Amino acid sequence: MTRAVPRRFYDAGALEVAPQLLNKLLVRRSLAARIVEVEAYGGADDPASHAYRGMTRRNSTMFGPPGRLYVYFTYGMHFCANAVCGPAGEAEAVLLRALAPVSGLDEMRQGRHQGVRRLDDHQLTSGPAKLCQAFGIGADDDGADLVTGDRALRLVDDGVAPPAQPGVSGRVGIRVAADRPWRFWVPGDRNVSVNRIS
DNA sequence: CTTTGGATCGTCT
DNA sequence: GACGATCCAAAGG
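Numbering (this note's numbering), first residue to last: 1 to 198.
Do not take every clue at face value.
[Said to hold, decoys possible] Calculated pairs, EDC-like style, for lysine to aspartate or glutamate (alpha carbon to alpha carbon, straight line, at most 16 Å): (1) Lys24 x Asp189; (2) Lys24 x Asp158; (3) Lys24 x Asp157.
Derived by calculation from the structure, the hints in this document are not laboratory data. All values reported here derive from a predicted model rather than from experimental measurement.
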């Protein structure tokens, strides 16, 4: 059975919500994929967070109510997506780093028409920018409500529990506070983006 | 197999 | 004006 993830799920801080997000499903129309890797980002207390230096036009969704999607543009060509957590104003969020495709693989493959070579299933959503390409997530989806599905993006629970003992490591791709063990993944899943442990 | 560099531009200093 | 919560292809061992 499948049920929507309720608003109160996001009330806790990002560090608490992040591992609970593992094995939940991201759904958009006929597309569905299981969350297998995430990272927690704090607010004013986390130097690696976009919210560290206060609210700006770019990060304002982080400062809003929980349960919404914070989408940002980076490296001149990539989007990444986060689930906003905690009370409004705290500006905490969980970055979706990797998914395991469940349905709609052909459409995901189309969204990711990059090079000429054929992509294996486990390469469709195995990275924060890749999963946005596969799901067609862009600037228009910043602020999307994951509970009401106002942009067709929802998080649902199909009964698969989060792993009792998730993989844990420092966060990827940041320079400051990289030692905080705030990255979590489903052990053994082939879609996890980085397999180095540190 | 690992390492490196290019792409590409909105955001903040 | 510098730099990213990245990805990919090409070069190197």
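Status of the hints after comparison with the structure:
Between Lys24 and Asp189 the alpha-carbon distance is near 14 Å, which keeps this suggested pair within the 16 Å criterion. At most 16 Å may separate the alpha-carbon atoms for a hinted pair to count; Lys24 and Asp158 meet this at roughly 7 Å. Simply put, Lys24 and Asp157 have alpha-carbon atoms about 5 Å apart, close enough for the 16 Å limit, and the pair holds.
Violated hints for the displayed structure: none, as all numbered hints are satisfied.
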